[in-house]
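J.: Protein chains in written order, with the numbering used here: chain A, 1 to 512; chain B, 1001 to 1347.
Keep in mind that the hints are not guaranteed to be accurate.
What the simulated footprint calls covered on chain B by chain A, stretch by stretch (three residues with Cβ under 8 Å from a Cβ of chain A suffice, anywhere in the stretch; the number is not a length) [as the list claims (entries may be wrong)]:
1. 1008–1022
2. 1075–1089
3. 1316–1325
The list that follows gives simulated cross-link-like pairs (lysine to any residue, SDA-like), each with its CA atoms no further than 25 Å apart [what the hints assert, rightly or not]:
4. A:Lys269 x B:Pro1219
5. A:Lys369 x B:Leu1129
6. B:Lys1230 x A:Thr394
7. A:Lys269 x B:Ala1131
8. A:Lys369 x B:Ala1131
9. B:Lys1205 x A:Thr394
10. A:Lys325 x B:Leu1129
11. A:Lys49 x A:Thr71
12. B:Lys1230 x A:Thr71
13. B:Lys1230 x A:Glu340
Keep in mind the hints are simulated off the structure, nothing from the lab.
In this text, a Cβ means the ideal position worked out from N, Cα and C, and glycines have one as well.
Take a look at the letters that make up each chain.
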Amino acid sequence: MNEYVVEMKGIVKNFGQVQAVKHGEFNLRKGEIHSLIGENGAGKSTMMKLLYGMYPIDEGEITVKGEAMKTLSPKIAIEHGIGMVHQEFMLVNELTVLENIILGFEPKKGLTIDFDKARKDVEQYINQYNMEVQLDKKVSQISVGEAQRVEIIKTLMRGADIIILDEPTAVLTPQEARRLFEILNNLKQDGKSLVFISHKLNEVMEISDRISVMRQGGYMGTVNKDETSPLDLTKRMIGREVFLNIDKDYSKAGETILKIEDVWIPSQKETSKIRGMSLHVREGEIVGIAGIDGNGQSELVEAITGLRRVEKGRIILNGEDITNKSPRRIRNSGLAHIPEDRNTRGLNRSMSIEENLVAVRLDEAPFTKGILLSREGQDAYSKDMVEQFDIRPTDYHLPTSSLSGGNAQKVVVAREVSMKKKLLVASQPTRGVDIGAIELIRNTLEKAKKEGAGVLLVSAELEEIISLSDRIIVIHEGRITGEMMASEANENNLGLLMMGGSDAGKDGEKAV
Amino acid sequence: MNQTVNSIRRILLTMVLALGIGALLILAIGENPVDAYVALFKGAFDGKLRLGTTLAGFTPLLLTSIAFAIAAKAGAFNVGVEGEVFLGGITAAYIGINWTFLPRPMLYLACFAGAMAVAAAWAFIPAALRAYYGVNEVCTTILMNTVALYITSYLVSGPMSAGTANAQSLPVTVTLYQFMKPSSANVGIFIAIAVVVLVILMLNKTSWGYKIRTVGFNPSHADYVGINSKRVFISAMMLSGMLGGIAGCIEVLGVHGYFLNNFATGLGSNGMLASLIVKNNMAFTPFMAFFLSVLKSGAMGMQQATGVPKALVDTITAVFIIIATMETAFQFAKKRKAQKKGKEETA
């Protein structure tokens, strides 16, 4: 018998022309938590989807519990005790938690489903691993953290003893993440083998026994947790050292540049998603908005930038009332905006890098001559931007659809920041980009602040909010639940406020 | 550059395929395809009359195809070009008949300006309905075509009627010079070409053109960068209408000399075809428009010289459209093939 329950050797996987995995190695011991880390696009999710049989491998071999797997499909993987908790939950919103768990292999009593037996089976797992879930609630009514536990129970019910978790903490608050870790440790003590995919180093250092690193589709080695450090892991992930922590200088904050007075904003579904919010941003400061996704951040940003109508209240930019004015008017009053969704809003993907760079300055002097677009003016500017923001490829006549996430985002950031406007609204500026681009974008925001711009930063990454902001405002369900200086903030106190208040305590996530 | 070459090759291949399938059909009815095509070619180009007729048919089609394409660039599917041709034509006829107090050069200008203004105003209606109320412009433009046709029919049978058996207006007092008599080819073709060149330059070289393209590709991006996508959409539709209006004006002043009831039937849909076959590519659309007009005008010659009915041309056009739409399928198959090849190489 082999000491590994899973062995993957010399794995190659291509998607068309793209090499997702060039050289993948992975093994898993019984009863360990093995983390697989790497930047976005390093191939870690792909490796695990190959193990779960979601795609066939092009090359290499996979051995599960000593048995060489010639062909794999999710069905075969499940039969061999492999379970996967995906980033996107695979649950039916309209069914109850219990129905979801047994869906597909319901215990039968004659012609009907034996719900009593099902409930007994499920409750056994719930008690054994201390996984609080409410079996009779509909999935649409439970929190994200709870839905994740439902997914874990689902894999256990199907007899999994190898469980793959694909970036499980990306959707959780720090408190929820800690609970997840308790459950994972319980599972481990019971002899389950776990794969934990993540790019958050502090979590990886907390939970893992061993850590494997991938970079650009290649295997970069495996280390024991006790023998490594976050710094060492970063170097392996990126191939060099990075500096994400920025020295803050809060002395220069000046005049109030953005003032929001008691605004009410509708969302697509609700009439008042934001209910009576007031805040302000001053020159030379970065104000971070922390909150779990979907608590009104998008609506707030869209209202400030003129893309969504405000029900009532006032928004004042640079001394001008810009409430419900057109995006163009607001931009002229001094707004630059990095939107949360670069693919539909931030960029026109079918147009070139150059055309995207000049999109907001179409009627300005060096870019147009009269009604004609000016080739020379645009070329000079694009060349400068490509250089300054390290946009690759450097040929600015290529369409933006050919760019990687990081470089596409750099185009957006370059366009907006180079406007040198008084207010910069940056919404999820580093979401889904590689760490090199994160570094550049964060430094750019910091530089804009030093040059006197007020920055309103919305981010789902608490670490980003804490390390960049001067002042932090926490919102929950469309209301401000707290405000503090960044020096006083940590994941704990922010996390509590994100869930709706300081008294939320341990059961806080129920309030979500 | 490479892409352009590829597109040209693709279009030529489509043409050859369509003609090839047409040849099979001709064989099936027991005629000689080579003879038929030679007759078709001769029917379109042989002699002053025939060449002139081809050019005269090409002129409005060129304008309507570009009219459809420019609206498509802004994301609109403007089926209403035909109605705009009718209304432009009737306006030009009205001005050309009644405004004789103007000096002749001014009268020409007035005819064109009037036709453009009325057609643009007509296009404004579905454009604004779509931009501000989300009413699908395909429905409204189709319906408005019928309305436009009946308005002009009423006018030339009633208030503007010449009193002849045919529903038509009195002759206009200014006409465009016909340079290939006895055909009706007229200097309108040069006007049309100049207008089309201007429109293409506008689309690619001006900030208005940039805005139209941006709105067409991604309206939410346009709004975000401060382009008023609704206004740009409406302006592009109105430009499209203007082009239709010019086509109507040229038909009235250049070809007929009066407003003939129903004269523009099919111009809108054929222009739409020419544009759609080349995926609204403004550089290729004129050539496609020319090809379609050659087929149309050669058809009669073919019918007379051989036993092949001229309806065959419509069949070829239809096959053409089918192949052009199938292209997506071709590309899909190609991609699959490339993937397979990639796999074999790594294996």
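J.: If a hint holds in the structure, say so; if it does not, say that too.
T.: Hints versus structure:
Figure legend: the stretch 1008–1022 of chain B, annotated as covered by chain A; annotation inconsistent (0 residues with Cβ-Cβ distances under 8 Å, at least 3 required). Counting residues of the stretch 1075–1089 of chain B whose beta-carbon sits less than 8 Å from any beta-carbon of chain A gives 0, not enough to reach three: the coverage restraint is violated. Only residues whose beta carbon comes within less than 8 Å of a beta carbon in chain A count, and the stretch 1316–1325 of chain B has 0; fewer than three means the coverage is violated. A hinted pair counts as satisfied when its Cα atoms are at most 25 Å apart, and A:Lys269 with B:Pro1219 qualifies at roughly 22 Å.
Proposed proximity of A:Lys369 and B:Leu1129 is contradicted: the alpha carbons are some 34 Å apart, above 25 Å. The hinted pair formed by B:Lys1230 and A:Thr394 fails the criterion: a straight-line CA distance of about 34 Å is larger than 25 Å. Taken as a hint, the A:Lys269 and B:Ala1131 pair is honoured in the structure, with Cα atoms around 22 Å apart against an allowance of 25 Å. Restraint check for A:Lys369 and B:Ala1131: the C-alpha separation of about 29 Å exceeds 25 Å, so the hint is violated.
Proximity of B:Lys1205 to A:Thr394 is assessed by CA-CA distance (about 23 Å); at most 25 Å being required, the pair is judged to hold. Proximity of A:Lys325 to B:Leu1129 is assessed by CA-CA distance (about 22 Å); at most 25 Å being required, the pair is judged to hold. For the suggested pair A:Lys49 and A:Thr71, the alpha carbons sit about 13 Å apart, so the restraint of at most 25 Å is met. For the hint pairing B:Lys1230 with A:Thr71, the CA-to-CA distance comes to about 54 Å; that exceeds 25 Å, so the pair is violated.
Taking the CA atoms of B:Lys1230 and A:Glu340, the gap is near 23 Å; set against the 25 Å cutoff, the hint holds.
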